[in-house]
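S.K.: Listed below, chain by chain, are the residues.
Protein chains: 2
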Amino acid sequence: MQFRFEIIHKSKKSRARVGRIHTPHGVIDTPNFVAVGTNGTLKALDNRMVDSIGLQLMFCNTYHLLLQPGPDVIRRAGGLHRFINRQMPIITDSGGFQVFSLAYGSVADELKSRGAKKHGGHVLKISEEGVHFRSYRDGSKVLLTPETSIQTQKALGADIIIPLDELPPYHIGSEALRRSLDRTHRWEIRSLQEHLQNRQNQAMYAVIHGGVDPLLRNLSCDTLSQHPFDGFAIGGSLGKTKAEMIAMLTALMPRLPEERPNHLLGIGDLESLRQCIPLGIDTLDSSYPTRAARHGLLLTHEGGIKVGRSEHANHFAPIERECTCWTCQHYTLAYLHHLYKAAELTFFTLATVHNLHFMVETMRTIREEILRE
Amino acid sequence: MQFRFEIIHKSKKSRARVGRIHTPHGVIDTPNFVAVGTNGTLKALDNRMVDSIGLQLMFCNTYHLLLQPGPDVIRRAGGLHRFINRQMPIITDSGGFQVFSLAYGSVADELKSRGAKKHGGHVLKISEEGVHFRSYRDGSKVLLTPETSIQTQKALGADIIIPLDELPPYHIGSEALRRSLDRTHRWEIRSLQEHLQNRQNQAMYAVIHGGVDPLLRNLSCDTLSQHPFDGFAIGGSLGKTKAEMIAMLTALMPRLPEERPNHLLGIGDLESLRQCIPLGIDTLDSSYPTRAARHGLLLTHEGGIKVGRSEHANHFAPIERECTCWTCQHYTLAYLHHLYKAAELTFFTLATVHNLHFMVETMRTIREEILRE
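Same order as they appear, the protein sequences are chains A and B.
Each residue of the first sequence is one higher than the last, beginning at 1 in my numbering.
Each residue of the second sequence is one higher than the last, beginning at 1 in my numbering.
Hints are computed from structural coordinates only; laboratory data are not their basis.
Fair warning: there could be bad hints in the mix.
[Stated by the list, open to error] Computed list of lysine to aspartate or glutamate pairs in EDC-like fashion (alpha-carbon distance at most 20 Å, straight line):
1) A:341 with B:72
2) A:306 with A:271
3) B:306 with B:322
4) B:306 with B:271
5) B:154 with B:230
6) A:13 with A:373
7) B:141 with B:128
8) B:10 with B:368
9) B:341 with A:138
10) A:341 with B:138
11) A:12 with A:369
12) B:341 with A:72
Build the full structure now, drawing on both the sequences and the hints.
M.R.: Have a look at this one:
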């Protein structure tokens, strides 16, 4: 099966659309939520369970897999799908985001002045060639270039791959941002060239940069859409507030080639999701629902439930009566409360199952809503 | 279904026997391994998975459940089976073991001179009435007596319950051990009287004490077997070496009433198991296989595999080719190695599934071996 994007319906009320991304490992219905399985597993879930929940696209991190177990092991296993036993589609990133996060810290870190270089010592050198950094696992020096990122992603063999980009810090002068953008474009085009030498039935999404500067976002969009990328990811700094992100997307989205799918990187809380999809976002990934689960926040149609609150100790019914997830079919909120209070590992699994199922069902509902618009 | 023990076959080579314990929640084939689910869950597994592995008896700890969520919550839930959604049999202990462990530390602690009173401050007073201790959860004072232990176990509603005993330290003079034994017997008989006021279709196993003194073990056996306990647990100090335990059991086992089932408390490593069953042990519990899993030790017919060893990084086959567990049916040792190295929660689940399945299958094999003897 070749990669192909099919638009089924366009909303008459907004730019939202319902579509299908066809990949070698099956269909991704859009709009859809993409869960993050950094190391080739969603935390606390096994991949058969993830399949049974119906998560159609899983996001794995090249940075982590590059360092452990390394591309050679995964290549020998027959690729990431076989290594982790996942039958459905996978997307991998370039590794750049994590490397630059090490250098600059996350946007949140920066805004909270938690230090611009959280693990700064680990990035050794950034040049036109790429980034030298030190492995957090064994201290060895690693060179990440557009070419090595793509070679690693070829070993992994995900259905959708991402070119190497430079992630500039949020607080950056406009000149420096412009220079970073130009380098990102050069890196992305080198990534594409490397990819096109051996497509391997993978699709590549360009990453649109430009921070919150509308002109730079437009420039990035126009530059990258001239190249045969299969889709577009929206990356870089998305602003320090939801409003900034929405303003940026409102300006950018109409400019993206409509017939190619897009992906919003690293956003997946319910409020953002409800605001971004009407702007035309097809997929978006976040570790929020699974991380929230591990911290005792259960997602429901009436908002988040803090499982540790004592009012739940005697709630001998599922989290939500109508929920069809494994957890709600078999266990009560009172039992989940108990497992959480007792700090049992089983809690992580059962809570993650529920939150992931909630996201899958929420996206199904959103698609149905758009189909009626 | 009334509690009933049925002996199906006796070995001609040893005292080993194959039997069936009938309980209100189904049959326990003996000899069998009993896994420990302290807080009403086996660590990292959900109870439907535990059922599907075929674990016939699960051991829950009254001490922990008394403090969290407390007997009232479990009574309101309709008992422990309903609260944790387990359909198969459960055994609970009296809570005494944990309380006295707090006072004296474990035998291992004591032998390693890690201090006689690990959390000594938590036990406030031991008297003929029972034990006052302080909850590790909220600092409240709790009184555990034969009567309150049984009342708690009535709220939990396990199929098999245990009377309150005193756990003397391993290093104790013979006079003090004798006094402790007498008190234990008085407590156990008070527990039995409390139980018989409202059987609630539960069975009660007496706990044989006496440390490694054969005369005291015999005395304990003879004293307790005059009372209508449904079976016998072998508790107290089992010695500081396997040899001491085996010597004690070799002397004790022929003295136990043959027609009643017995249970060896807190022993379940494979070597002990292979040595104890020929002495006539019917069931034995241990957290060893599940704890070993979490520490990266996978049980196989060729001995334990340390999953973290680099030689497993490229082993693209199950832990054991013939193994029919969920983990071996779906994942390779190489993937488990990776999950372990990446410190993923999913590892705990997959490793525990395998080790528990291994124990269930090992016990099945042992029963088949005895049937041929």
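S.K.: Hint by hint, note whether the structure agrees.
M.R.: Results of checking the hints against the structure:
1. A:341 with B:72: holds (16 Å)
2. A:306 with A:271: holds (18 Å)
3. B:306 with B:322: holds (19 Å)
4. B:306 with B:271: holds (18 Å)
5. B:154 with B:230: Roughly 16 Å separates the two Cα atoms, so the pair holds.
6. A:13 with A:373: At roughly 6 Å apart (the allowed maximum being 20 Å), residue 373 (chain A) and residue 13 (chain A) satisfy the hint.
7. B:141 with B:128: Cα-Cα ~17 Å, so holds.
8. B:10 with B:368: holds (12 Å)
9. B:341 with A:138: holds (12 Å)
10. A:341 with B:138: holds (12 Å)
11. A:12 with A:369: It holds: about 12 Å lies between the C-alpha atoms, which stays within 20 Å.
12. B:341 with A:72: holds (16 Å)
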